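Novice: The lines below spell out each chain.
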Amino acid sequence: MGRWASPEIVARAVSGSGSAVEELIAAVWPGCFRLAVMVTGDRGLAEDAAQETCVIVDRTVRSLRCVEAFDGWLYRIVMRESARVRRRRGQVAEPTEEVTVVDDTLSFDIWRSLAALSSELREVTVLFYFEGLSGEEIAAALRISHGSVRVRLSRARERLRSLLSDYDITPHKTTWEVQQNAI
Amino acid sequence: MPSDFAKAGRRFQAAIPVPELPIASIRGRARARRAQHRSHLIVAFVLAALAVLGSGSVLAAKMSGMRIWLLGNNATSTITSFTTVTNPTPADLRRVVANATFPVVLPIGVPSDAHLHMLVFSPTDHPNVILVGYENKIGSAWYWTLADSSVIEHGANPLLSNGTKSPVPTVKHWNVGGETVIFSDFHNFARQAQVEAAMQHSTPSNSLAQSMSRLYRVENHSGNSGVVDVADTIAPNDGRNVLVGHGYLGEIAALARKRNPLITDSRMRVVDNLPSISGKPDWAHQSSHAVKEVAVSAGGVRAIAAVLETRACGSAPRFTCEILFNERIGHAYRIWVLPLESPASPVKYAVDPTTLQAKREN
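Protein chains in written order, with our numbering: chain A, 855 to 1037; chain B, 46 to 407.
Calculated directly from the structure, the hints in this document are not laboratory data. Computed from a predicted model, the values in this text were never measured in an experiment. There may be inaccurate statements among the hints.
[Said to hold, decoys possible] In the SDA-like style, the derived pairs of lysine to any residue whose C-alpha atoms are separated by at most 20 Å in a straight line are: (1) B:Lys404 with B:Val392; (2) B:Lys337 with B:Arg79; (3) B:Lys52 with A:Gly986; (4) B:Lys52 with A:Asp958; (5) B:Lys52 with A:Arg1015; (6) B:Lys393 with B:Asp283; (7) B:Lys404 with A:Leu1018; (8) B:Lys182 with B:Ser270; (9) B:Lys404 with B:Ser390; (10) B:Lys52 with A:Thr959; (11) B:Lys52 with A:Leu1018; (12) B:Lys52 with A:Glu1012; (13) B:Lys52 with A:Asp963; (14) B:Lys217 with B:Ala242; (15) B:Lys52 with A:Ser1019; (16) B:Lys217 with B:Gly117; (17) B:Lys52 with A:Ser1016; (18) B:Lys404 with A:Phe962; (19) B:Lys52 with A:Gly898; (20) B:Lys217 with B:Glu241; (21) B:Lys182 with B:Gly284; (22) B:Lys404 with B:His376; (23) B:Lys52 with A:Arg857; (24) B:Lys303 with A:Ala969; (25) B:Lys52 with A:Leu960; (26) B:Lys52 with A:Asp1020; (27) B:Lys303 with B:Pro67; (28) B:Lys182 with B:Arg236; (29) B:Lys393 with B:Gly359; (30) B:Lys52 with A:Leu1017; (31) B:Lys52 with A:Phe962; (32) B:Lys52 with A:Ala969; (33) B:Lys52 with A:Arg966; (34) B:Lys52 with A:Gly885; (35) B:Lys393 with B:Asn282; (36) B:Lys52 with A:Arg1013; (37) B:Lys52 with A:Ser961; (38) B:Lys217 with B:Thr123; (39) B:Lys52 with A:Ser1008; (40) B:Lys393 with B:His376.
Construct all of the structure, not just a fragment, from the sequences and the given hints.
Specialist: This is the structure:
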């Protein structure tokens, strides 16, 4: 709760305040855009997906039954809209350095390694490692089973290990993965 | 967890520069969705009025895009493709009437406070069914379906031979020349008989002329009916008048820098294929596209930008007005700033098309 915006703003928007909806959109915009960039690999596609997400927030946030559902709901929308714009415009272009202001080789190599993953593997990687979602939360955001999340994460990690073999930063297994002996 | 990989990735993600919130564009998209949703509701509403089954002699209408069966005072219909135009302009109305497959007598004698606010027609190129919608300031709306009588066939509706029972609201229908007019009884419109009588004594050209006066003279790209009414009152009779809603004003500066026109896509929508599911339109699987149109020319955009630079309309991203724009070839642009709080107190500017100097005139 509160990953995207303060619960107070969400509550006011859900209760129907027009100005709160605008505040909410302003609050979620940076997170939506950055997540969409990571998932689509393209700033133009990401802006399109983030705008569509905000349009959906504007039109339907009042229909949310409880404030607590907002975070998961918004993750679902960003991921769905990112997938939709990606499908609509075909294959994403080679990633460029202009996407970020971080000026180090490691970051850019991580970015390039993400781009080398299939969209399915990239989605779970971003949500798990960078957004910090749990397996259940990822499953809900992508509308797939928890088992599929584990399989995709395992494959992504395997691929990233080879792509980032020059670094000692390969993605680790998670507590819940170890506990469930999934991989 | 988190690993170095996660830390590095998060650092990368957090450092992605975020573009300014394009609130105007988001509002525009939301507006387009609402217009689309509204037109669907209207079409669904009209279909509900026609989707009835009764007994007696059958008039069946078979049409490309839309099919209508009349059965006594009941009607049924199906629709697979259509075009909707909200806030039609005189050019829109003329075009639809001119391309129709029948001499169109439009509804006349409608209450004077109502505007012709919507056209739905099918098929798109040469309509043989036209839906005309009127709405007044308090939100009452009336819809007439005008169909080419020559395509009406007599016979039972084959789609309803499965014994499906539907609610049976009744319709009134009458012929005017080669046109069949269908009006839903549930409108509860006291003047229906007067409209029918007026149409019977009118001609296509006369009804078109009368209907022109029921359109807004301004091309309306605003969702604010109070502002539209004021803009329509002050708009000059010469040149092209466009009301630019405040949701679009955030785009003006960037468009002016790039010397681009203002293109909108919220007024006209073409539904190419509307499948049905269980005898009802399946809106979720429709194939449709919005028609993009140049609302304001590139020169006009630069003129509006010049007015906005005077801060007469607040500043981005919270503009406090809407803009009435008038363009005449070879003349200065005329621009009225209509404050959202008090649209009846507009401020008029003249903008030289060459120097783009904005001069306040009142």
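Novice: So which of those numbered hints doesn't the model satisfy?
Specialist: The structure conflicts with hints 7, 18, 19, 21 and 24, although it agrees with all the remaining ones.
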